[in-house]
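J.: As a plain string of letters, each chain reads:
2 protein chains.
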Amino acid sequence: MEIVRTIPWMKETVRQARADNHVVGFIPTMGALHEGHLSLIRRARMDCSRVFASIFLNPTQFGPNEDLTKYPRTFDADVEKLTAAGVNVLFAPESKEVYPPEFRTHVDVQGLSEKLEGKSRPGHFRGVATVVLKLFEIVQPQFAFFGRKDAQQVRILQQMATDLNLDVKIVVCPIVREPDGLALSSRNTYLNSEERLAATVLHRALDAARREANTGTRDALQLQASIQGILASEPLVRMDYIAIVDAGSFEPVSRISGRPVYALLAVHVGKTRLIDNLLIEPAAGQNALICSL
Amino acid sequence: MEIVRTIPWMKETVRQARADNHVVGFIPTMGALHEGHLSLIRRARMDCSRVFASIFLNPTQFGPNEDLTKYPRTFDADVEKLTAAGVNVLFAPESKEVYPPEFRTHVDVQGLSEKLEGKSRPGHFRGVATVVLKLFEIVQPQFAFFGRKDAQQVRILQQMATDLNLDVKIVVCPIVREPDGLALSSRNTYLNSEERLAATVLHRALDAARREANTGTRDALQLQASIQGILASEPLVRMDYIAIVDAGSFEPVSRISGRPVYALLAVHVGKTRLIDNLLIEPAAGQNALICSL
Chain A
47 MEIVRTIPWM KETVRQARAD NHVVGFIPTM GALHEGHLSL IRRARMDCSR VFASIFLNPT
107 QFGPNEDLTK YPRTFDADVE KLTAAGVNVL FAPESKEVYP PEFRTHVDVQ GLSEKLEGKS
167 RPGHFRGVAT VVLKLFEIVQ PQFAFFGRKD AQQVRILQQM ATDLNLDVKI VVCPIVREPD
227 GLALSSRNTY LNSEERLAAT VLHRALDAAR REANTGTRDA LQLQASIQGI LASEPLVRMD
287 YIAIVDAGSF EPVSRISGRP VYALLAVHVG KTRLIDNLLI EPAAGQNALI CSL
Chain B
47 MEIVRTIPWM KETVRQARAD NHVVGFIPTM GALHEGHLSL IRRARMDCSR VFASIFLNPT
107 QFGPNEDLTK YPRTFDADVE KLTAAGVNVL FAPESKEVYP PEFRTHVDVQ GLSEKLEGKS
167 RPGHFRGVAT VVLKLFEIVQ PQFAFFGRKD AQQVRILQQM ATDLNLDVKI VVCPIVREPD
227 GLALSSRNTY LNSEERLAAT VLHRALDAAR REANTGTRDA LQLQASIQGI LASEPLVRMD
287 YIAIVDAGSF EPVSRISGRP VYALLAVHVG KTRLIDNLLI EPAAGQNALI CSL
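The listed protein sequences correspond, in order, to chains A and B.
Residue 47 is where the first sequence starts when you use the numbering used here, and the numbers rise one by one after that.
Residue 47 is where the second sequence starts when you use the numbering used here, and the numbers rise one by one after that.
It is worth saying that the hints were derived from the structure and are not from the lab.
These numbers were taken from a predicted model, which means no experiment stands behind them.
Wrong hints could be hidden among the right ones.
Given that identical chains are not distinguished, each listed pair holds provided it fits within a single copy or across any two copies.
Dumping the calculated BS3-like pairs for lysine-lysine here, alpha-carbon to alpha-carbon at most 25 Å [claimed, not checked]:
hint : residue 1 : residue 2
1    : Lys317    : Lys142
2    : Lys142    : Lys215
3    : Lys215    : Lys57
4    : Lys195    : Lys142
5    : Lys127    : Lys161
6    : Lys116    : Lys57
7    : Lys116    : Lys142
8    : Lys317    : Lys127
9    : Lys57     : Lys317
Start from the sequences, fold in the hints, and give me the full structure.
T.: Next comes the structure, spelled out in C-alpha cells:
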C-alpha cells in the first residue's frame, strides 16, 4: 500500500490511476479503524479496480467541547489493517496540508444540517461536508463508501454531491455490529466495562422497535415510546434524542407509510456519545416492511 | 457552436473533449454579452484548444431588491457573438436544471464575502461562489476566465478554488472600457443619456488616483479623498463605497507599500449600480508603481 502525504502527490496518483482506466473507490476515515471501516473497503474492492482510503482526523467537525484531543489515534495499526484489506493507496495528510492558514471556504447543506446531530453538534456537518468535498476534489473517486450508522451524514453528503453536480456515487453500506448488537464505533473504546454493557441498550431499544413495526405498528409516537422506555431502563444512559424521520428529508413523521424512515438514536453513556439507527423501508407487498438494523 | 441545455449532456460533451486531450477553457456569463466578455473568449482561444462558455442568469446572486427581473436578456444576439468569437460549446441551462426544487447546498468564502460588494449586496457572493462551483463541476475546465472589473468576485473564486483543491486555474483579464473610459457592463444599458455621461466620473476619479499614485502619493486616505472629491462633483452620482484595499485580503490599507492594492468604487447613477477599480502594483524599481485601469 502506498502512503501519500501531500495533495499534489495524491492528485498525481489519482491522475495516473484514471489514465490507466481504473475505477477508483474511496473510503474517507478519521483512523481508529474497526471492522465497520474494513467492511467498506471490502465492498469497495468488489466494485472498483483501485481502492483509495484516507486517514484524516478532521478538526473542523469537532465542537469546542468535543473529543478531538482524546479521539483515538492508532495510525500504525490502521496502516496494517488497510494493507491487509487490500487498499492500494492511503492518503494521510497533515492538518496544515488540508487547512493552510488562509483557508476560509465552507460548504453548508441547509435544512439537513441543523437538526438532530447538527443541533447537538453545531458546525459538525459544515465541517464534514467541507472536508469530504475537499477529499472528493483531491481523490476524484467514481465511488465513495460510507457506513449507514452515520445516517444523517450520508444523507447530507448525498445531497451535497447531487447539488454540486459531483461525479462521485455515494454508496451506503450496512451497519456492522458486535455480537451483542452494539454498533461499531471508534468511540466505543472510551467505554469502561460497565458502560460497555449498558451501551447494548441502543440496539435493544431499536430491535424492540423493529419487532413492533414488523408486527404491524405504524404509529411513530408508539415506536418512539417503546424505544424511550427501554433506554430509560438503563441508568447509565442519558438520552440526547430519539426521532422517527423521513429518510429523505430527515423531518419527523407521525406514521410509517409509503416512504423509508429512520428511527434515530443519540445517547450519552457516561461521557461517551453514541448514535445508532434502524432503517424501515416499505416492501413491495401490502403492509410489509423491511427493517435493517 | 453547439448549444447544450442539460447537465448530463454537458458532462458528456466535456468528457469527450477531455478524452480527445483538449485543453478546455471556460467563460461563465449571465448573457447580455459585451466586448468585455468577448475579450475573455479571445484570451481563452489563445490558451485553450476548446472554449466553452455558459449563459445562465443566476437568480441566487441577486438580492430581493435587485435587478434580476429587468436584467437584460439578449440570448439570440449573445449566440451570434459567441459563434463569431469562436466558442465551441455554449452551456445554457434553464434555472430548474441548475436548481432543482430540493437544492440546498451553498458555498461561503468567509472573510472575503461579507465586506464591500458583499456588504452592499448580502448573499451575493454566496450565490456567485455556489453557481461557479457547480459550473466548474459540470464543465471541468482547466482554465476559467474572468474580468478584473469584478475584482472581489475574482479574488473570492480564486480562494474557493484553492481551498476546495479544484483543478481549475482562474485567469484574470483586463477591464475593457468605452472610449470615454466607462468600464463595460451589462448594466450600462440601464443608463439614460444624461446618466451615461455622468457615469464617466468613475473612470475620471480612478484615473486621477492613478496619476497621483504615479507622482508619488502613497497615502491611501489622500488617494481616497481625491476620488471622493471627483465623484462628489457629479450630482447624478450617489456613492456606495470607496476603498483602498490589499489585493489579497481586501482589508483596507493606509499606505501603498510592497503589496498590490485595489482602489475600489461602487456608486449609484440614478437607479443603476456601477463598480470599477484601479489596480496598483509595486514595480521592481524603487518606488515605482504599475497602475492598471
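J.: Look at each hint and say if it fits the structure.
T.: Against the structure, the hints come out as follows:
no. : hint               : in the structure
1   : Lys317 with Lys142 : neither (30 Å within a copy, 47 Å between copies)
2   : Lys142 with Lys215 : between (28 Å within a copy, 22 Å between copies)
3   : Lys215 with Lys57  : both (19 Å within a copy, 15 Å between copies)
4   : Lys195 with Lys142 : neither (29 Å within a copy, 33 Å between copies)
5   : Lys127 with Lys161 : neither (35 Å within a copy, 48 Å between copies)
6   : Lys116 with Lys57  : neither (31 Å within a copy, 44 Å between copies)
7   : Lys116 with Lys142 : within (19 Å within a copy, 46 Å between copies)
8   : Lys317 with Lys127 : neither (28 Å within a copy, 65 Å between copies)
9   : Lys57 with Lys317  : neither (40 Å within a copy, 48 Å between copies)
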